[in-house]
Structure formats: C-alpha cells, structure tokens
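Trainee: Whenever a hint applies, use it, and build me the whole structure from the sequences.
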Amino acid sequence: MKIEGRVWKFGDNIDTDVIIPAPYLVTTDVEELGKHCMEGVDAEFTEKVRPGDIIVAGKNFGCGSSREHAPMSIKGAGISCVIAEGFARIFFRNAFNMGLAIFESPGVFQGIEEGDRISVNQDTGEIMDHTNGKRFSASPIPSFMQELIKAGGLMSYILNKRRA
Amino acid sequence: MPQTITEKILAAHSGRETVVPGELINVRIDMALANDITAPIAIDLFEKSRTGSVFDQERIALVPDHFVPNKDVRSAIQVQAMRAFAGKYNIKNFFELGEMGIEHVLLPEQGLVLPGDVVIGADSHTCTYGALGAFATGVGSTDIAAAMITGEAWFKVPESIKFIYHGQPGKWVTGKDLILYTIGDIGVDGATYKAMEFTGDAIKNLPLADRMTMANMAIEAGGKNGIISPDETTLDYIKPRAKRPFECYTSDPDALYADVRTYDVSGIEPQVAFPFLPENARSISEAGTVLIDQVVIGSCTNGRIEDLRLAARILEGRTIDKNVRLIIVPATPTIYRQAMTEGLLEVFLSAKGIVSPPTCGPCLGGFMGILGPGERAVATTNRNFVGRMGHTSSEVYLANPAVAAASAVLGRIGSPEEL
Ligand code: SF4
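Listed in order, the protein sequences are those of chains A and B. Mind the numbering: the first sequence is residues 7 to 170 in this note's numbering, read in order. Mind the numbering: the second sequence is residues 160 to 578 in this note's numbering, read in order.
These are computed hints drawn from the structure, not numbers from a lab. Bear in mind the structure is a predicted one, so any value in this text is a computation, not a measurement. It cannot be assumed that every hint is accurate.
Pairs of lysine to any residue residues, derived as SDA-like cross-links and limited to a Cα-Cα distance of at most 25 angstroms, are as follows [stated by the list, open to error]:
| id | chain 1 | residue 1 | chain 2 | residue 2 |
| --- | --- | --- | --- | --- |
| 1 | A | Lys-41 | B | Ala-235 |
| 2 | A | Lys-167 | B | Val-545 |
| 3 | B | Lys-315 | A | Thr-130 |
| 4 | A | Lys-156 | B | Gly-310 |
| 5 | A | Lys-156 | B | Ala-235 |
| 6 | B | Lys-207 | A | Gly-105 |
| 7 | A | Lys-8 | A | Arg-169 |
| 8 | A | Lys-15 | B | Ala-235 |
Here chain B is said to cover these stretches of chain A; the calculated rule only asks that three of the stretch's residues, wherever they fall, bring their Cβ under 8 angstroms from a Cβ of chain B [said to hold, decoys possible]:
| id | segment |
| --- | --- |
| 9 | 24-38 |
| 10 | 60-72 |
| 11 | 94-105 |
| 12 | 158-167 |
Ranges between beta-carbon positions, derived for each pair [said to hold, decoys possible]:
| id | chain 1 | residue 1 | chain 2 | residue 2 | range |
| --- | --- | --- | --- | --- | --- |
| 13 | B | Thr-478 | A | Glu-38 | 41 to 47 angstroms |
| 14 | A | Thr-130 | B | Ser-444 | 50 to 56 angstroms |
| 15 | A | Lys-8 | B | Gln-216 | 43 to 49 angstroms |
| 16 | B | Gly-174 | A | Gly-131 | 29 to 35 angstroms |
For every residue, glycine included, the Cβ atom is placed at its ideal position computed from N, Cα and C.
Mentor: Here's what the structure looks like:
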C-alpha cells in the first residue's frame with residue numbers, strides 16, 4: 007500500500023506538550039484533538055494542513071508524556087503518516103498500538119523540503135520525493151508489530167487471539 | 160548467562176530462564192496504572208472489548224491526579240468515568256480526593272509497587288518505581304486497556320546502560336542534580352529504548368527519595384526504565400509497606416551493557432536545566448542573572464517530604480522576593496499532614512508562599528499556577544518544554560528544592576550559598 011502526500015517539516019525533539027498542549031487533554035475525541043494538533047509549535051498548523059499530508063521530522067519525535075492524545079491529534083488533523091529521523095519510545099509504541107503509520111528513516115530530514123510531494127510504500131519502506139527525485143528507505147518493521155498493524159492495533163490483536 | 164537486573168525481572172515475568180536484548184516478549188504485570196488523562200481512553204477501549212471483568216481487581220491502580228481537584232466540568236467528567244469504572248469492576252486501588260496524591264509518589268507510599276515487580280503505567284514517569292528495584296515503564300492507554308484484560312504486556316527487551324556514581328556529593332547536591340547532570344551529558348535521546356541502571360557508592364549512600372527522583376527522570380533521557388538494585392535503604396522503606404511477597408534482583412557483575420559511564424559526584428554542582436529541554440543543564444555558578452516570576456516546589460520528581468524539608472530549611476526565617484510567587488505542592492495527603500505536623504507549612508506561609516492540595520496541577524500547565532506570556536519559573540518538576548507550564552513564550556528552569564527555595568528568596572536563579 008502506498009501513502010502519498012504533501013510534506014510539513016518539524017525539527018528535533020518535538021515533544022507531546024507541543025503536539026497537543028495539556029489544556030486540551032480533557033477530551034478523548036479524535037476530531038477535537040485534531041483541531042489543536044501541533045499548536046505548541048505552530049498555532050496555524052491546523053488551518054494550513056490538508057487531509058493526507060505527511061509530517062517529516064528530526065530526531066526524538068514525540069518525546070515527553072505517554073498521552074495517546076498525541077498520535078490521536080495527529081490522526082485527527084488528517085495526517086496520513088509521520089516520518090522521522092527517530093521516535094521517542096512511548097510515542098513509537100502508542101502509534102503502533104493505535105494504528106498511526108510511522109516510519110524511522112535516517113537522512114530524511116536533510117533530504118526532504120517542506121511542501122514536497124512524497125510517497126511511502128508501506129510494505130517495502132521505500133520513500134520517494136517526487137519534487138526533487140530523491141529516494142530514502144525506512145527501517146523495516148519487526149514482524150510482531152506488522153501483525154499488530156494487520157490486526158488493526160493492539161486491542162483487536164488480543165481480542166482476535168482470545169477468540170481463537 | 161550473566162544478566163542485568165532488568166533482564167532478570169523480565170525473564171522471571173515471562174516464564175523464562177533468560178532473555179536477551181532485542182527479543183520481543185510477553186510479560187506478566189504486577190501493577191497497571193492510569194490517571195485522569197489516560198484512564199478515560201483505556202476505559203473506553205476496555206468497555207468496547209466487552210470483556211466483562213478485569214484480570215485482577217487488586218492490581219490496577221486508578222489515580223485521578225492531573226486535573227484534580229477538578230479544574231473544570233470536562234475534567235470532572237473524566238474523573239466521573241474513572242469512579243464509575245472502579246465501582247463497576249470493583250477496582251480496589253481507586254483513590255478519591257482526600258486519599259489521592261501524585262501517582263508516582265502515592266503508589267510507593269502505599270506499598271503498591273515492590274522490588275522485582277513489572278509495573279506499567281499510562282504515564283511516562285512510571286519509571287520512578289525503578290528506584291525500588293522494579294521494572295517500571297510508561298506505556299499508552301491502549302496498553303493499559305489490554306493489560307486490564309490479559310494481565311500482560313508486550314516488550315522488546317532493552318539494552319542497558321550502566322551509570323556509575325562515585326564520591327561524596329556537595330552540601331546542596333541532590334539526586335535531582337545527578338540526574339540533570341547525566342541528562343546534560345547524554346542528551347534527551349541519549350538512552351532511547353534503553354534501561355538506565357544507576358549504581359556506585361554515591362547511589363548506595365543516596366536516600367530513597369533521591370533515588371526516586373533519579374529513576375523518575377530516566378524518561379527525560381528517552382530511557383525505557385531507570386533502575387537501582389534494592390539494598391538496606393530500599394528494604395527499610397519497603398518492609399513496613401509491602402502487603403505481598405516481593406523479590407530482590409541485582410545485576411551479575413559480568414552482565415553486558417551497551418555503554419558504561421562513570422561520574423565523580425564531588426565535582427558536580429547543583430544543576431539548573433534551562434529552557435526548553437532537560438538536557439540544557441548548567442552548573443548553578445554558570446546560571447548568570449535570570450530574574451524569575453514564580454517558583455513551584457512539588458511534582459512526582461520533588462514533592463516528597465524530604466523535598467519539603469529541604470525547602471523549609473532554606474525558607475525558615477526568610478521572606479521570598481516581592482516579585483515572586485511561591486507555590487508548594489505536597490505530593491500526597493500523608494506528606495501534607497507530615498508537613499503540617501513538622502511545622503513546615505508554617506515556614507512556607509510565613510515566607511509568603513502558598514500551599515496547594517496534592518495535584519499535578521502546575522507541573523503540566525494544568526492549573527494552580529499557569530505562567531503568562533514571557534514569565535519565568537524555577538520548578539522542581541521534570542520538564543521544561545515550550546509551554547509546559549503555561550503560555551508558549553513562558554520559560555521553566557528545572558532545579559532541586561534547595562535551589563528553587565533560594566531562588567524564591569533572591570528573586571532570580573541562585574544558590575542557597577548566596578543567602
Ligand atoms: S507531577 Fe508532573 S510529571 Fe509527575 S505525573 Fe504529574 S504531570 Fe506528570
């Protein structure tokens with residue numbers, strides 16, 4: 007499966023407090039959380055972003071708290087996937103557990119510009135920048151985690167297993 | 160095969176003799192924790208699964224602490240959901256206001272987390288319990304929902320980094336300073352996905368409260384867990400509290416580490432982490448002149464009775480600067496009462512500080528001390544990200560309770576030595 011979209015860039019150490027600031031943690035509604043996505047770094051982000059857009063970031067994306075509201079708000083804003091030099095551990099885990107596509111790909115930050123059109127092949131991890139013609143590859147996803155994604159996240163995975 | 164303490168605990172909880180870093184394993188959970196921000200999502204997921212009962216009524220802790228006493232209608236609704244869920248499934252460890260404290264101070268105090276345990280919490284500072292010799296790590300709400308059904312969680316066995324601390328710390332140097340110094344050294348992603356094992360004679364001599372401060376901030380270096388082998392100090396704390404059996408593990412001397420770092424603590428000054436990352440740690444003598452508007456002493460990092468005593472030592476007989484607001488947050492009702500009995504509240508109020516009920520409140524910019532545009536705060540908390548305590552142009556400087564109290568008196572960032 008291929009994801010294709012327009013790029014928004016963010017730097018290193020984008021923490022969960024700027025992805026979704028604490029005052030908005032009084033709801034679990036994905037759409038509402040999406041309205042405040044990235045508000046701590048760019049107050050106008052949700053006005054500019056269009057469904058299917060892709061976030062490209064530096065290292066340690068999603069550091070800080072364990073709030074699942076962070077991947078939820080990214081999904082809610084219509085972002086199709088996040089590609090980063092590296093992810094913080096809990097964010098990485100949460101994204102898989104709830105089915106937000108993320109890719110770790112060293113070198114992407116330098117090689118891709120904001121506004122570029124890129125595509126990601128989910129199966130091979132191949133990333134193509136259609137604006138400048140550059141290619142990148144993402145680290146392969148461990149097979150257990152692919153199973154999680156295939157099942158539609160951790161909850162469906164364990165419920166399927168219990169029914170079986 | 161030689162193993163680290165982290166590997167031994169994970170092996171024991173996955174029914175294995177040994178585990179190796181990189182392996183994906185399923186482990187049995189001794190305690191699963193969620194708070195008023197993360198529990199509502201877990202509860203929704205649990206109910207949608209139609210499971211009907213939780214894996215163990217004693218091994219789930221639900222602590223409303225972030226926006227409690229409820230700051231508004233919506234936060235009240237989130238706690239209502241927890242309360243109803245706890246009632247419906249007979250969850251033993253739901254803490255109502257009056258018994259509620261900051262989760263990572265409350266759980267050890269109540270003897271709910273013990274050496275050798277595997278603890279998961281839908282809160283990143285769950286790593287605090289590593290100070291007791293447990294494997295404890297932050298996860299998301301989905302993991303907690305799954306654990307409430309199965310009593311298990313999946314993990315990739317982490318590599319470990321060993322941090323050895325030698326020597327005698329200076330008068331005002333605390334566990335907070337050692338961990339800020341360490342994060343300054345390795346960076347906010349210096350231990351990503353890894354176990355941080357703290358050891359050495361300086362750790363042996365460190366009070367348990369300081370050890371908890373250190374393990375608490377392992378996540379601030381990206382760590383999966385922080386961990387310290389249990390010793391006499393640990394057992395003195397645990398024995399009167401434990402209501403179930405526990406096991407003490409230590410690393411084998413020839414266990415394998417991804418990295419070993421050694422620090423001489425006698426050369427470490429009190430640290431201040433400048434905005435906007437905990438890795439921006441500087442020695443107090445290099446802080447320069449930073450005028451401040453607010454000081455917060457509290458949180459799961461430094462809201463224990465030992466921290467309040469340290470602050471009171473500085474504030475006794477002094478008044479804070481007229482341009483500073485001082486907010487003190489005892490982390491649990493027990494600590495609040497102790498502070499009252501010991502006369503610490505009197506000291507804080509006489510110094511013109513104010514004492515808040517136990518809550519996370521200002522630590523995450525929730526309520527009870529939000530910063531306005533451009534304001535600066537010294538806080539004993541653990542994060543100084545953009546907007547963490549209020550407006551995105553406000554600034555948070557992280558420090559130990561003695562430095563925070565001294566700064567409140569001075570009206571700028573400063574050392575207790577200056578008073
Ligand atoms: S005190 Fe702060 S860091 Fe600790 S649990 Fe509460 S919000 Fe999180």
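Trainee: If a hint holds in the structure, say so; if it doesn't, say that too.
Mentor: We went through each hint and held it up to the structure:
1. A:Lys-41 to B:Ala-235: Since the Cα atoms of Lys-41 of chain A and Ala-235 of chain B sit roughly 22 angstroms apart, the hinted pair holds (cutoff 25 angstroms).
2. A:Lys-167 to B:Val-545: violated, 42 angstroms
3. B:Lys-315 to A:Thr-130: With Cα atoms ~22 angstroms apart, Lys-315 of chain B and Thr-130 of chain A stay inside 25 angstroms; holds.
4. A:Lys-156 to B:Gly-310: holds, 23 angstroms
5. A:Lys-156 to B:Ala-235: With Cα atoms ~36 angstroms apart, Lys-156 of chain A and Ala-235 of chain B exceed 25 angstroms; violated.
6. B:Lys-207 to A:Gly-105: Distance ~17 angstroms between Lys-207 of chain B and Gly-105 of chain A Cα, so the pair holds.
7. A:Lys-8 to A:Arg-169: violated, 31 angstroms
8. A:Lys-15 to B:Ala-235: violated, 37 angstroms
9. 24-38: Since three or more residues must qualify, the claim that chain B covers the segment 24-38 of chain A holds, with 8 doing so at under 8 angstroms.
10. 60-72: holds (count 6)
11. 94-105: holds (count 7)
12. 158-167: holds (count 5)
13. B:Thr-478 to A:Glu-38: 41 to 47 angstroms: holds, 45 angstroms
14. A:Thr-130 to B:Ser-444: 50 to 56 angstroms: holds, 54 angstroms
15. A:Lys-8 to B:Gln-216: 43 to 49 angstroms: holds, 47 angstroms
16. B:Gly-174 to A:Gly-131: 29 to 35 angstroms: holds, 33 angstroms
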